[in-house]
Structures are given as structure tokens and as C-alpha cells.
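Undergrad: If you want the building blocks of each chain, they are given just below.
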Amino acid sequence: MDYVHNLINWSDELSTLKMNAKPLHSETGIIFKIKKYALHDGPGIRTTIFLKGCPMVCWWCHNPEGQQRSPQNMPIEGTNHCREEIIGCQASVEQVLAEIEKDVIFYDDSGGGVTFSGGEPLMQAAFLKTLLVKCRQRDIHTAVDTTGYAPTPIMIDTLQPADLILFDLKIMDANDHQRYTGVTNTLIFENLEHLIAMDKRIRIRFPLIPGITDRDANIHRLAKYICRFDGLREIDLLPYHHNADAKYNRLNIPNRLKELQPPSKALVQTVKERFEHYELRVNIGG
Amino acid sequence: MNQRIQRLRQRSIEAQERISAERALLVTEFYASGIAQQESIPVQRALAFKYILSHKAIYIDQDELIVGERGPAPKATPTYPEVCIHSERDLEIASTREKVPFAVDVKTKAVYRDRIIPFWQGKTIREKIFAHMTPEWKAAYEAGIFTEFQEQRAPGHTAAGGNIYRKGFDDFRLEIESARQALDYFSDPEALDKQEELQAMTIAADALISYAQRHADKLSEMAAESKDPERRAELEQMAHICQRVPAQAPQTFWEALQYYWFVHVGVITELNPWDSFNPGRLDQHLYPFYRNEIEAGTLTPERARELLQAFWVKFNNHPAPPKTGVTLKESNTYVDFALINLGGVTRGNLDAVNALTYLILDVVEEMRLLQPSSMVQLSKKNPDRYIKRALKIVKTGFGQPSIFNTDAIVQELVRQGKSVEDAREGGASGCVESGAFGREAYFLTGYFNLPKILEITLNNGQDPRTGKMIGVLTDAAEKFETYDQLFEAFCVQLQHFVDIKIRGNNVIERINAKYMPVPFLSLLIEDCIANGKDYNAGGARYNTSYIQGVGLGTITDCLAALKYHVFDHQTLTMPAMLAALAKDFNGVKDLRARLMHDTPKYGNDDDYADEVAQAVFEAYYNAVNGRANMRGGLHRINLLPTTCHVYFGSVTGALPDGRRAGRPVSEGISPVQGADRNGPTAVTKSAAKIDHIRTGGTLLNQKFIPQVLADDTGISKLAHLVRSYFKMDGHHIQFNVVNYKELRRAQQRPEEYRDLIVRVAGYSDYFVDLTRELQEEIIERTAHEQF
Chain A
414 MDYVHNLINW SDELSTLKMN AKPLHSETGI IFKIKKYALH DGPGIRTTIF
464 LKGCPMVCWW CHNPEGQQRS PQNMPIEGTN HCREEIIGCQ ASVEQVLAEI
514 EKDVIFYDDS GGGVTFSGGE PLMQAAFLKT LLVKCRQRDI HTAVDTTGYA
564 PTPIMIDTLQ PADLILFDLK IMDANDHQRY TGVTNTLIFE NLEHLIAMDK
614 RIRIRFPLIP GITDRDANIH RLAKYICRFD GLREIDLLPY HHNADAKYNR
664 LNIPNRLKEL QPPSKALVQT VKERFEHYEL RVNIGG
Chain B
14 MNQRIQRLRQ RSIEAQERIS AERALLVTEF YASGIAQQES IPVQRALAFK
64 YILSHKAIYI DQDELIVGER GPAPKATPTY PEVCIHSERD LEIASTREKV
114 PFAVDVKTKA VYRDRIIPFW QGKTIREKIF AHMTPEWKAA YEAGIFTEFQ
164 EQRAPGHTAA GGNIYRKGFD DFRLEIESAR QALDYFSDPE ALDKQEELQA
214 MTIAADALIS YAQRHADKLS EMAAESKDPE RRAELEQMAH ICQRVPAQAP
264 QTFWEALQYY WFVHVGVITE LNPWDSFNPG RLDQHLYPFY RNEIEAGTLT
314 PERARELLQA FWVKFNNHPA PPKTGVTLKE SNTYVDFALI NLGGVTRGNL
364 DAVNALTYLI LDVVEEMRLL QPSSMVQLSK KNPDRYIKRA LKIVKTGFGQ
414 PSIFNTDAIV QELVRQGKSV EDAREGGASG CVESGAFGRE AYFLTGYFNL
464 PKILEITLNN GQDPRTGKMI GVLTDAAEKF ETYDQLFEAF CVQLQHFVDI
514 KIRGNNVIER INAKYMPVPF LSLLIEDCIA NGKDYNAGGA RYNTSYIQGV
564 GLGTITDCLA ALKYHVFDHQ TLTMPAMLAA LAKDFNGVKD LRARLMHDTP
614 KYGNDDDYAD EVAQAVFEAY YNAVNGRANM RGGLHRINLL PTTCHVYFGS
664 VTGALPDGRR AGRPVSEGIS PVQGADRNGP TAVTKSAAKI DHIRTGGTLL
714 NQKFIPQVLA DDTGISKLAH LVRSYFKMDG HHIQFNVVNY KELRRAQQRP
764 EEYRDLIVRV AGYSDYFVDL TRELQEEIIE RTAHEQF
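In order, the protein sequences belong to chains A and B.
The opening residue of the first sequence carries number 414 in my numbering; numbering runs sequentially from there.
The opening residue of the second sequence carries number 14 in my numbering; numbering runs sequentially from there.
These aren't lab readings, by the way, just hints derived from the structure by calculation.
Don't be surprised by glycine CBs; every beta carbon is placed ideally from N, CA and C.
Do not take every clue at face value.
Okay, derived cross-link-like pairs now, DSSO-like style, lysine-lysine, Cα gap no bigger than 27 Å in a straight line [what the hints assert, rightly or not]: (1) B:LYS112 with A:LYS448; (2) B:LYS342 with A:LYS448; (3) B:LYS112 with A:LYS678; (4) A:LYS637 with A:LYS542; (5) A:LYS448 with A:LYS637; (6) B:LYS394 with A:LYS448; (7) A:LYS671 with B:LYS754; (8) A:LYS515 with B:LYS394; (9) A:LYS678 with B:LYS401; (10) B:LYS342 with B:LYS112; (11) B:LYS602 with A:LYS660.
What follows is a list of derived Cβ distance ranges for each label pair [claimed, not checked]: (12) B:ARG398 with A:LEU673: 52 to 60 Å; (13) B:ARG757 with A:GLU689: 34 to 42 Å; (14) B:GLU755 with A:ASP586: 37 to 45 Å; (15) A:PRO675 with B:GLY310: 36 to 44 Å; (16) A:ASN656 with B:ARG316: 43 to 51 Å; (17) B:GLN19 with A:PRO675: 22 to 30 Å; (18) A:GLU440 with B:ARG673: 43 to 51 Å; (19) B:ARG398 with A:ASN656: 28 to 36 Å; (20) A:ALA630 with B:ARG398: 38 to 46 Å.
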């Protein structure tokens, strides 16, 4: 069976596969999930490729299995932690492209395409760039879902061939940003401004985390900042959810927001209206 | 919905399904009297029809706008003893079974015991059929290799065309007369038979006209008694309508609906064939009346809506006649499969969606009734807002409407030799079956258990459940050295059983043609009058026989598992596999896990498995397609299960895909429950790898959690998914939009979920009315979700 194809059946099959620790380069990378019929990662029907590894550790991360760069073991749900699967596998550009191309008919009809997410896809910049270039050659629409936290020259070079950037903006206050994500936000703003200067199509994504990102001051600063740029008129509001709780347990890593209540409908609406006040178009859930 | 419709709807929902002896008694009286003994069989049948319609009770609800009941009251369901008698024990079971029961009162039981059973014993079509079947046929039938549709029900599977909206029965009588005058007594050996059939048609036409007149009389009486002036005027108008139709062609929207309904009651009183009867392309047929009257100011959209809603209630009042035995297992539901078609293209190949299409969709959404079933035909020519409107109803979670690909249906029908115009005026009826509406007699003859064929193959012709040798010797499974040898043996067994089935079909077709003509139905389907031939005898313009394949997903996964593990990778020996199957995987948990999880599965856009599906499809197609039937037509395949995948599963042992003995097999062309893990795009791609155009219909079920369709973007993306599937020539797709948790709750507290309707297979049903196995099966179907 096709190895990468198996990856989408990621719950069981990886457990039997052995990893070879080959060096990472532009022709291979480590991915941990391929999601088809992805509806919230850009326009139309999309395939989302999740690249492993992230420089940040956000408290609300809903893909904690994507943080570590290398493949890792994770017990299988419902087996009392006695069977494990390996999260992440090495895949070649050709293998990933073959999976992407399978759904071309759906992209064509719906105006969709492929989204590279993570983790932070820029952690595997060379691999990502090859994929973006090859998708462009095949006329497949590409989006990259990024934290924006990457060395600027690498980011500029890598994202050049991307059609759309889904750029996360979380917290405006530098100290809070450091506290909740593990890194400062200066580089993130710089990078965003570089992308704007490159005339990239950008959609801002904002995780709505009660008590952390939803403070008035944060929202107003963020909205004002966005409004400085003519190209940024749209924002995706991503409400916090508990869908990743099981994965935190299985990975045995601390889930700091375990007790946090997801935002109420009313809160989502309020925050939406706040952004709309700045004449931003708000999509809930992306 | 106004109060009157609410009352009608509520009464229809609350009416208890019960068996009525009225029709059985009338038909028994008629034949026992001997009054028609000297007549030919078609004339006898027509006179019996006339006798029933002249003597049955006329039921008119105080709120009704459309009149005519098959029985003496809503859901009072007749039986058809000339086709199949219900024994006292059958009645007892029917009235006490947990699912799909029919109440039977003491008086009814006595009438069956004293009058109906003694008279019909030994004279029924069912008995004739079994008497004429070979031992091989009976062995295969009993093993659960196939079912037989005609053992308890008359052949049907047809839908009304547009002729009844242009012609009254008086016009049909003139056509009959000219056909009679054209009979060639000098060189046509069938001239006399045709004369008798035409005479029978005339009697049947007269019978329905007088039946309508009886309603007119009763309505006039009710009008005279009515104290409410508004209702009185309405009753007078209804009396007037019943005097005009069906004798004359309808002139108004209301007349058109009432005309169709009389015709419907006629068909289901004559014999209630499979899938009752069907208005077919309702928005197309009614639109000229609607448009003219709206323009003339004699009808408002609100009134049209109310009339349609009253029409909807009539379908819901008519459960499928009570079934027993295997027929009950293969079609375990009250639904009688009248499937209203909307949209599609016109005879001239233009976008057929009109204002009435949207109005009818409103009615579907508002009425939320089990019957009639509804579907939207989607052509590439139809606008997006139309499919989105339909999906917004799908989102409400009662499984309707289902969605069909007009462009595929037209190709299918044209490939079968229909004219392109007839194909465009066709659609899908029953569950998913393509037909040239108003012009084709397309008989479904029975389901065919594809996974069981593999079980027989692996046991060298023997059925391991009974130890009986029912197949052919194709060699012990251990002897196959290559996958190709195994597949070849599978094809040999398949051909063997298809041959048995087709031979049986052809004998049964002759029995029905000879002994059970349907002169009334024949009036309605073109060219029966011109040919002077009965619907059951090949009188229609097109005559097709289908064998419905079941379990494509299961058989594919089984063969793929054998190919992958035993032959290609040799990680498992054939004896080890056979041993595991023999003990139903007891004690070999790891092996079963490997078969279930480390094996290519159909439904994941994985060519390894999907190529097996293609090969199975071709083998089944080659075995069936193009074989002659006895009505001048051919056998074809389609792939749909109703509830037969549960029955077939119950007679099939453990299978190489890891499925345990007795569990349901997969349904339609859907993947094995839970085997599809890559989402709906992968499912539709796998499903589209078989050639739908060479079938007469395929059925694909998909389950979504409601959140996926929460907003307009979700709806719009689902519309794109459907369009893409149809671009790949997929025939049909339907959606269940329900939460897993809600279904579990409904199992625990059925009383609170009486009204929960879910999609089963080609139709929707009350969840709590489904058997436990079927409930579990629906829950196990993969739900596509999205975080």
C-alpha cells in the first residue's frame, strides 16, 4: 500500500511503520496528517497537509502532536495506552503531491486547493517551497497556515509561490505573547509587514481564547493594527474548543486550558461585532 | 402550514397501520360468485377491479381537499390474496411483531380464516411461482443468495408520465377503440388476446370513472349537509372536480392533483405493485397548470401550497401492503417508495427548475412526512441555488430529499436504447432506479448477495451455514495459487447463480403475463394500448428486468484482503484464513485487527481496493447485462439494498475483511460501515470508479454531523462535493445529517424519538421503527466531521 496514503488513516496504520531518520531536505519532509474535505482552511474544498514541528507552544494548541519536529509515539485511543501509533512520517514531495492531486476535481468545482498547516510549516521551509512550486506548476491553489514565526529571509523566499497566507495573530502585548506562546511577537509583526509589502493575499486568523485573547485591549489593538493595511479586510475568528483534550492525555503533556470553558455564542458574537466595528469582515471558524 | 393541514397531517401520523379485509373480501366474493367465469383472464381481472371500486367504502375526511383512499380509512391496508395469502399465523405475526406491525382485529382474522384463506389456497401467484421453480433455485433462495420480488408483490417499478395531464380516460377509451379497430384478425395470431386485453382496459377505465363519480356523489351529500358556507362551496367544487376527472383531461391545478390521486389509488387497488405508483416529475407535470392559473388569477401560491400539502398527506395514509418472510426482511418498512422527482431537464434539454419546484421543496420541508419520498434531480444545467435549497432541507436531518444526477440518468437510459427525449422525461423511482417515466415497465426481480458468492467460492460450492452443496465445484480454496485463479472461481460461481436467477425470472415473468395482467396500469403506460398488450406482458414501450447487486463494499474488501495478505504479500496462508473464518475470528483477534486495519479498503480512493471493486462490478455486469427477459427486453444491473444488506448479512458467515458472521454487509455502493477513513471526497472518488452509466441506478449513503452544514459555506461546499461526484457520473447520493449521540439516545428512549426520521437506503424511515441491527448499522456508518 502507498505509504503516504496510509497516513490519512493515521489512527492505526502508523503503528506498524518504522521510521528512517533520513536528513530533511527539499524533497522529503515529515508530515503528521492529511485531511481531505477540509472546510475551514481557506476557500473551497481543500486538502490540508500538516507538517510536523513548531517553534511555539501555545497554551490552546489543538494539534499538540504537531509541535515536536520528529516522529513520536502516541498511544491509541481506547486501548488503555497499551497500543501505540507513531505520529509523523517521512514523505517525499511526489507522495504528497499524489495525494493532493487525487482531489483536483473537487478543488476545480469549489475554488479550493491545498493548505499547508502544522505545526509551523515554515519549520520545513525547503520541503514546503518545493511543494508550493510544484502545486503552482500544476495550477493547484495553495494556502499556507502560519504562525508567522520564522526567519524573515526564509519566510519571504518560501512563501513567494503561495497563493494565500493564513496568518495567525494572537496577542498584541509582547509579554503576554511570550507567556502564552513561548515566543515574542516582534518578528511576527515584521514578517506580516513583509508579506504585505510583497502583495500577498492574506487572511488573518485570530484564536478566540476566553480570558487570554478576548480582552478588549487586545482586540482593539489587533483591529487597529490590521486596519493600517489596505489589503487586510478579513479576519477568521477561531473559537477555542476541547477537541484536542484526548491528544494531550495520550501524549502525556500538560493541557493548561483543560478547565477552560469554550467561548459562549454570545461572546463569539460580541467579539465579532468588535472587529466589525473596524469594518473588518469576520468569518467564524475560518 | 395552516390549521386544516396540521389536522390532516396529525391524523395521518397518528393513524394506526392495520390490515383491512375489505379488498380481500371483495375480490374473493367476485371470484367465488363465478359471474365472470366465462371471460378471459384480463377481462376477469378488469371486472374484479371494477367490482372492488364499485363496492368499497368511500372515505372522505372532513378536512380533505384531495380524496380517495385505498382502504376504508387512512392506513387501513388491504391485502392481495390473488398474489399471496396471509395465513392466520402471518396475521398473528404481523400484529405482534415489534417492528413494522399491522393491527389485525378479531373480525378481520375471522374473515381471513373463514372466507379468504380457504378460497385462495392453491390459487395464488406465490404458490404458482414456487411450484415452477427448480430445486437449484429453491436451494439458492433458501441459502440467501438472492431474493424474489414477485413472490408476494406484483411487478411494478414504474412512474406516471405526462399523458394523464393531457388526456382524460374518455380519450384513452377512444385510443383503445382505434387500437381495437386496427386489430389484424387475418395474420396476427395474438389478435384475439389483444382484443381481450383492450376490452379489459376499457372496463378498467370505466371503473375508475365511476369510482370518481361515487366520490362526487358523496361530496355533494356532504356539501348539502355542511353548515359552514366556505366548506360547503369547497365540497361543491370538489364534487365538480370528481365529475370531470379522470373522465376528462384536467384544466386546473387542483383537478390535476385529484386526477393523479385517483389514478394512484387505481394502481394500488388493482394490485399495489412494487413501489406503489409514482407521480414522477411532479413539478414538470403541474407547472403548466400552476403558471396558467397564477397568471389568470384563479390560484394563489398559498392555495397551491395547501393543495400540495393535502396531496402529501394522501401518500402518508398509504403504507406498503404487509409483507412477510424474506420479503419483509428485504424491505422492512411501511414506506411504499413513491419517489417524487423535481428539477432535471425538459424534453427539449433545458433547465427544468421552475417556481413550482421551489414551492414543492417548501412543502417537503414543512410536511416532514415519511411518505411520499422526494428527490431532486440535479443536472449541470440546474442553478446552484436549487441544489443549495435542497441541501438546506437535507440539513434538517430527515434524509430527504435525496439527490440524483440527471445527466447520468439520461446517459444510462439512452445506453439502454431509449430515445433521448424519453430519457430526459424520465428519472429515478423507488430507491434509485432509472426509468423512462410513463413508458417503461422496469421490473426489479430480486437482490443478489455478492459477498455470499465468495463464501460459496471459498467452500468449493458448499454453503458452510447449512453444509449443502448449492454451487459448482471450483476447487478447494487452498489450491488457488494466484489471486486470478480465486477470482476466476468467484466468477464461475457468480455466473452459476445468476443463471439460476434469470431462468427463474423468466418463468415468473410468464406466470404474471399469463395469470396476473394489470389492465388498469396498462392504460397509463405508453404503448400498452397501441400494442394491445398488458404492462406485465411486454406492452410498454420499454421493458427491462433488473437484478439488484448488494454488498459491493463488503465483497471488495474481502477480495482485497485475500489478494493483499494471502497472495501479494503472503503474510497469511489460505488455510489460516479459512480456519479463522470457520471459527468466526474467535481467538484470532490480532489477525482480525490486521484484516480490518492493515488492509486496503474500498471507499478511500485507494486504487488497490478500488480496482477490485471495478473487477467485481464488471463480473456482475457481464453475468447479468444483456440477458433476454420474456417481455422483449433485457436484464440489467443496479446496485441498491433497501434493507436487504441486513438480511444477506444474517445468512452469511465470517468474511475475509474481518466482518463477523451475521453482521450486515455493506449497503448500496457505500463503503463497509466505518471502513472509509479519508472523508467524503475519497468515498465519492472510489464510488465513481465503477461505471454508473452501465447500471440502472446505484445508491451511495453518506453521513454528516450537523455542524458540517451549520452555515452557508458548509452548504455551498457540500453542493460542490455533489457536483463533483456527478461530474464523475455518480448516479445518486443521499445524506444522513445526525449526531451519533442522538441516535444512541433514541435507542435508549425510543418514546421520545418517535418522530426522528433517518435515511436508510433509498428511502427514509422512523429510526425507532428500524430493527436493532439496522439501527446499529446506521450508527456505524462513518460520519464525516470537521474540526
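Undergrad: Next step is simple, just say for each hint if it's right about the structure.
TA: Hint-by-hint comparison with the structure:
Of the supplied pair hints, the one linking LYS112 (chain B) and LYS448 (chain A) is violated, its CA atoms being roughly 40 Å apart against a limit of 27 Å. Only pairs whose Cα atoms come within 27 Å are accepted, and LYS342 (chain B) paired with LYS448 (chain A) is rejected, the gap being roughly 39 Å. With a CA separation close to 41 Å, the supplied pair LYS112 (chain B) and LYS678 (chain A) exceeds the 27 Å bound. A distance of roughly 32 Å separates the Cα atoms of LYS637 (chain A) and LYS542 (chain A); the hinted pair therefore is violated under the 27 Å criterion.
Our distance criterion of 27 Å between C-alpha atoms is broken by LYS448 (chain A) and LYS637 (chain A), whose separation comes to about 34 Å. For the proposed pair LYS394 (chain B) and LYS448 (chain A), the alpha carbon gap of about 31 Å is over 27 Å, so the pair is violated. At most 27 Å may separate the alpha-carbon atoms for a hinted pair to count; LYS671 (chain A) and LYS754 (chain B) meet this at roughly 23 Å. Using a Cα cut-off of 27 Å, the hinted pair LYS515 (chain A) and LYS394 (chain B) holds, with the two alpha carbons roughly 26 Å apart.
As the CA atoms of LYS678 (chain A) and LYS401 (chain B) are separated by approximately 25 Å, the hinted pair is consistent with the 27 Å bound. A distance of roughly 11 Å separates the Cα atoms of LYS342 (chain B) and LYS112 (chain B); the hinted pair therefore holds under the 27 Å criterion. Restraint check: the Cα-Cα separation between LYS602 (chain B) and LYS660 (chain A) comes to about 26 Å, which is no more than 27 Å; the hinted pair holds. At roughly 40 Å, the beta carbons of ARG398 (chain B) and LEU673 (chain A) sit outside the given window of 52 to 60 Å.
A hinted range of 34 to 42 Å for the beta carbons of ARG757 (chain B) and GLU689 (chain A) is consistent with their spacing of about 39 Å. Checked against the given bound of 37 to 45 Å, the beta carbons of GLU755 (chain B) and ASP586 (chain A), roughly 43 Å apart, stay inside it. Checking the proposed 36 to 44 Å range against PRO675 (chain A) and GLY310 (chain B) shows it is violated: the Cβ atoms sit about 55 Å from each other. ASN656 (chain A) and ARG316 (chain B) have their C-beta atoms about 49 Å apart, which keeps the hinted 43 to 51 Å range intact.
Checked against the hint of 22 to 30 Å, the pair GLN19 (chain B) and PRO675 (chain A) fails, with Cβ atoms roughly 39 Å apart. Between GLU440 (chain A) and ARG673 (chain B) the beta carbon distance is about 44 Å. The supplied range of 43 to 51 Å therefore holds. Under the hint 28 to 36 Å, the C-beta atoms of ARG398 (chain B) and ASN656 (chain A), about 33 Å apart, fit the expected range. Between ALA630 (chain A) and ARG398 (chain B) the beta carbons are some 43 Å apart, a value that agrees with the proposed interval 38 to 46 Å.
Figure legend: structure checked against the earlier numbered hints; hints not met, in rising order: 1, 2, 3, 4, 5, 6, 12, 15, 17.
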